[in-house]
Amino acid sequence: MTRAMRWLVPLSVLPLLALLAYGFRTDPRDIPSPLIGRVASPFALTTFDGAPVTLAALRGKVVVLNFWASWCNPACYDEAPVLEQMWQTYRDRGVVVVGVDMQDTTEAAQAFIQRFGLTFANAPDLQGKLAVEYGVYGVPETFFVGRDGTIRAKHVGALTDAAVRAKLEPLL
Amino acid sequence: MIPEIGAGALMVALGLAVYGSVVAAIGGRTGRTALVESAQHAALGVFTLVTACLLLLAGAFLSFDFSVRYVANNTNLGTPFYYRLTAVWGALEGSIVLWAWMLSVYTLIVVVRHRTNARELYPWVLSVMLGVLAFFLLVMTVPAPVFQRLTPVPPDGRGLNPLLEDSGMITHPIALYLGFTGFTVPFAFAIAALVTGRVGDAWITTTRRWTITAWYFLSLGLLIGGWWSYHVLGWGGYWAWDPVENAAFMPWLTGTAFLHSVMIQERRRMLRLWNLALVIMTFALTLFGTFLTRSGVVASVHAFTQGSIGIFFLSFLGVVLVLALALLAWRWDALGAQGELDSVVSRESAFLLNNVLLVAATFTVFFGTVFPLLSEAVRGVKVSVGMPFFNQVNVPLFLGLIFLMGVGPLIAWRRASLENIRRNFLWPVAIGIAAAAVFRLLGVRSTLAVLSLALTVFVAVTIAVDLTRATRARLRMGERLPAALGGLLLRHNRRYGGFVVHLGILIVTLGVTGSQAWSVQTETTLRRGEHADLAGYRVRFDGLAASEESNHFKVTGTFTVANGHASDVVLRPAKKFYPQEQSPIAYVDYRLGLREDVYLVLGDFARDGSQATIRLQVNRLVSWIWIGGVVLTLGTALAVAPERRRAAAAQGAPA
Numbered sequence: 001m002t003r004a005m006r007w008l009v010p011l012s013v014l015p016l017l018a019l020l021a022y023g024f025r026t027d028p029r030d031i032p033s034p035l036i037g038r039v040a041s042p043f044a045l046t047t048f049d050g051a052p053v054t055l056a057a058l059r060g061k062v063v064v065l066n067f068w069a070s071w072c073n074p075a076c077y078d079e080a081p082v083l084e085q086m087w088q089t090y091r092d093r094g095v096v097v098v099g100v101d102m103q104d105t106t107e108a109a110q111a112f113i114q115r116f117g118l119t120f121a122n123a124p125d126l127q128g129k130l131a132v133e134y135g136v137y138g139v140p141e142t143f144f145v146g147r148d149g150t151i152r153a154k155h156v157g158a159l160t161d162a163a164v165r166a167k168l169e170p171l172l
Numbered sequence: 001m002i003p004e005i006g007a008g009a010l011m012v013a014l015g016l017a018v019y020g021s022v023v024a025a026i027g028g029r030t031g032r033t034a035l036v037e038s039a040q041h042a043a044l045g046v047f048t049l050v051t052a053c054l055l056l057l058a059g060a061f062l063s064f065d066f067s068v069r070y071v072a073n074n075t076n077l078g079t080p081f082y083y084r085l086t087a088v089w090g091a092l093e094g095s096i097v098l099w100a101w102m103l104s105v106y107t108l109i110v111v112v113r114h115r116t117n118a119r120e121l122y123p124w125v126l127s128v129m130l131g132v133l134a135f136f137l138l139v140m141t142v143p144a145p146v147f148q149r150l151t152p153v154p155p156d157g158r159g160l161n162p163l164l165e166d167s168g169m170i171t172h173p174i175a176l177y178l179g180f181t182g183f184t185v186p187f188a189f190a191i192a193a194l195v196t197g198r199v200g201d202a203w204i205t206t207t208r209r210w211t212i213t214a215w216y217f218l219s220l221g222l223l224i225g226g227w228w229s230y231h232v233l234g235w236g237g238y239w240a241w242d243p244v245e246n247a248a249f250m251p252w253l254t255g256t257a258f259l260h261s262v263m264i265q266e267r268r269r270m271l272r273l274w275n276l277a278l279v280i281m282t283f284a285l286t287l288f289g290t291f292l293t294r295s296g297v298v299a300s301v302h303a304f305t306q307g308s309i310g311i312f313f314l315s316f317l318g319v320v321l322v323l324a325l326a327l328l329a330w331r332w333d334a335l336g337a338q339g340e341l342d343s344v345v346s347r348e349s350a351f352l353l354n355n356v357l358l359v360a361a362t363f364t365v366f367f368g369t370v371f372p373l374l375s376e377a378v379r380g381v382k383v384s385v386g387m388p389f390f391n392q393v394n395v396p397l398f399l400g401l402i403f404l405m406g407v408g409p410l411i412a413w414r415r416a417s418l419e420n421i422r423r424n425f426l427w428p429v430a431i432g433i434a435a436a437a438v439f440r441l442l443g444v445r446s447t448l449a450v451l452s453l454a455l456t457v458f459v460a461v462t463i464a465v466d467l468t469r470a471t472r473a474r475l476r477m478g479e480r481l482p483a484a485l486g487g488l489l490l491r492h493n494r495r496y497g498g499f500v501v502h503l504g505i506l507i508v509t510l511g512v513t514g515s516q517a518w519s520v521q522t523e524t525t526l527r528r529g530e531h532a533d534l535a536g537y538r539v540r541f542d543g544l545a546a547s548e549e550s551n552h553f554k555v556t557g558t559f560t561v562a563n564g565h566a567s568d569v570v571l572r573p574a575k576k577f578y579p580q581e582q583s584p585i586a587y588v589d590y591r592l593g594l595r596e597d598v599y600l601v602l603g604d605f606a607r608d609g610s611q612a613t614i615r616l617q618v619n620r621l622v623s624w625i626w627i628g629g630v631v632l633t634l635g636t637a638l639a640v641a642p643e644r645r646r647a648a649a650a651q652g653a654p655a
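Protein chains in written order, with the working numbering: chain A, 1 to 172; chain B, 1 to 655.
Isolated chain A (complex conformation) (with noise of 0.2 Å):
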């Protein structure tokens, strides 16, 4: 091997370190969901305050579903501020947020959305029921429903400003 060849042996590693460096910018987590395109599975909840929350009736808006609980610290913690933030600047056009308390106790719960000042519909699903339609495997995990009912997009883990302009501002 010539001299100034024998310097490309340490270069050589550049290209997978590169590749590597990639990866910083991809979501290993960011699994396309089955349910994505498909007509979100219907729902039918009472808010902690008592009033209900059907999706049929919030046809034609674009439906934030957020599932959480109280015990999930601290991805839950981290996004409930970016949820209402989102709540104040989009629902005059047209978003509604639904959040989704699973299996969780009542009590814990309310603290939490008192703790976070939450103004946005909050309901429990203390079985899980409705997680399990939505095919969720961790909270927190997050559903874009758009105005026609179908789900369009998915978010795992707690919610970035970032990932809310990504994934709602398609559909307004």
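Calculated directly from the structure, the hints in this document are not laboratory data.
Be careful, since some hints might not be right.
Ranges of calculated distance between the beta carbons of each label pair, as one might list FRET restraints [unchecked claim]:
hint	chain 1	residue 1	chain 2	residue 2	range
1	B	Glu-340	A	Ala-4	20 to 28 Å
2	B	Gln-611	A	Pro-15	35 to 43 Å
3	A	Ala-56	B	Gly-536	54 to 62 Å
4	B	Ser-308	A	Pro-81	16 to 24 Å
5	B	Val-395	A	Ala-56	49 to 57 Å
6	B	Phe-371	A	Ser-12	14 to 22 Å
7	B	Ser-547	A	Pro-15	53 to 61 Å
8	B	Leu-397	A	Arg-93	54 to 62 Å
Yeah, the Cβ is synthetic: ideal placement off N, Cα and C, and Gly gets one too.
Model the placement of chain B on the given structure of chain A, informed by the hints.
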């Protein structure tokens, strides 16, 4: 106070490690021993501080000090004493503490052992060890601060991941990390050899025991990991080609290649460049493993949480690879071979082929592991290659390796004559072929299984042939059988230790082959009193019971297993419901046996206890995998024991 004291101690340790690494290098460059001695004191200081941090962390766990965020996140008031200890390294931050602590122990051993016997290399070895240590201390200080304070202090913590509540969690990480960190020592010696230009064989001889030890712990870590997977995860298997398993397996493969190729360098002065490259690769792969586990780049069941830590590991991996390979390029001319390959039919070429197969296996595992990334980068689609890919590519490679395991130790160096081949391999080949025929007649249908078993027999016979011949030679000298056999093992402990390790691998192979080829399973729903039949076992569902444990709620099923002749066995698989987990954790119950294991998992059940869904498995020969691990341990102990051969030779005893 604990968070502040711990964080402070880690910062001081980081400073000391950086200082030690730099002055050791200057000492090595200038030959000023005072500097090297100062670096030694720094190494001692780092060890003391990291030990103190580990104890501090353990203390925080034992006393439920939830002002430490890491403690609050990984334990709660219900966590039993034993698991509060293992929780110390149960998650990302703590695992790095354990890692750094082991590295500091190894550094100290290097100081004690090699201070005088490797004079030229020693300062650079110390410098590299402390440099690597500094990196891990940096990780513990910046991206994964283990002593971060949590305010306000919560009344209770979140609890440990229930899957980690298992005795395997004390042994598996410790063995695995001892293996991972152990490879730092040969790597440090390789770098020292390159820097000083002393690329001869001294560094290889000095690090032989280190390499074997690291390799052994890595093997043990992999086996215990398999055991944990088998008896905790409840899917009835021990290996899934998961990215993180692969991450531990790849350095094992290259480490194995290195263990064999050094023998050619010692004997024939060949492969210098190759051996250095293998050590660098092995160390880089251990870093790659930590990167993969902790960066969240590839999805895996074992992964820790993600964060900026991945970038630290990737950068360090990049620095290590580029620097090490640049050193290799710099010393290229000095790395030429002095000996050369005389014949294709020789021990050298058997070992070379072994290396080629091992590196090919490493490459395919690597390729399969990063394939999801590659596919996403190139085609924009996330695709995973599953078990079929890994099995299809690797099984033939492994079969080839087993074959070489029989050939390598017996074939002659340089050029094997026909006489040599006939003398060594006639019986093994004949018995191997006969065994294949017998297995076929006994009804083994899978060709792969027949091949694997026949090869196992072949290798076992080569070992027997060698041992018999050597023992006979001693018997002719008038020794008695036990003395002859014992003397052989002790005087030639390196060779026979290697044989015992090979035997261990063969036993593991037997277990893997058996479980892959003959395991059966069924899934069924039973009402109380009903039974299911599988492979001669009759499993009756007797009922369900619920109980409240210290940190979870548990539903236990009772099943009676009868198999005709032996007395009935009661199995109690359960489902555990932890408040912090959204899905229940299965608790497997099983009865292990040499021939087969009965393995029972409780699935869904009716709340009133009237019916339950079970998965019943009869797994064949799995126990031999764990037995193989024990044999491997004995073989390694024999191989690293101090050599008596030279002492014996001095007395004129026949070697």
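Structure-based check of all given hints:
no. : hint                               : in the structure
1   : B:Glu-340 <-> A:Ala-4: 20 to 28 Å  : holds (27 Å)
2   : B:Gln-611 <-> A:Pro-15: 35 to 43 Å : violated (57 Å)
3   : A:Ala-56 <-> B:Gly-536: 54 to 62 Å : holds (55 Å)
4   : B:Ser-308 <-> A:Pro-81: 16 to 24 Å : holds (22 Å)
5   : B:Val-395 <-> A:Ala-56: 49 to 57 Å : holds (54 Å)
6   : B:Phe-371 <-> A:Ser-12: 14 to 22 Å : holds (20 Å)
7   : B:Ser-547 <-> A:Pro-15: 53 to 61 Å : holds (56 Å)
8   : B:Leu-397 <-> A:Arg-93: 54 to 62 Å : holds (59 Å)
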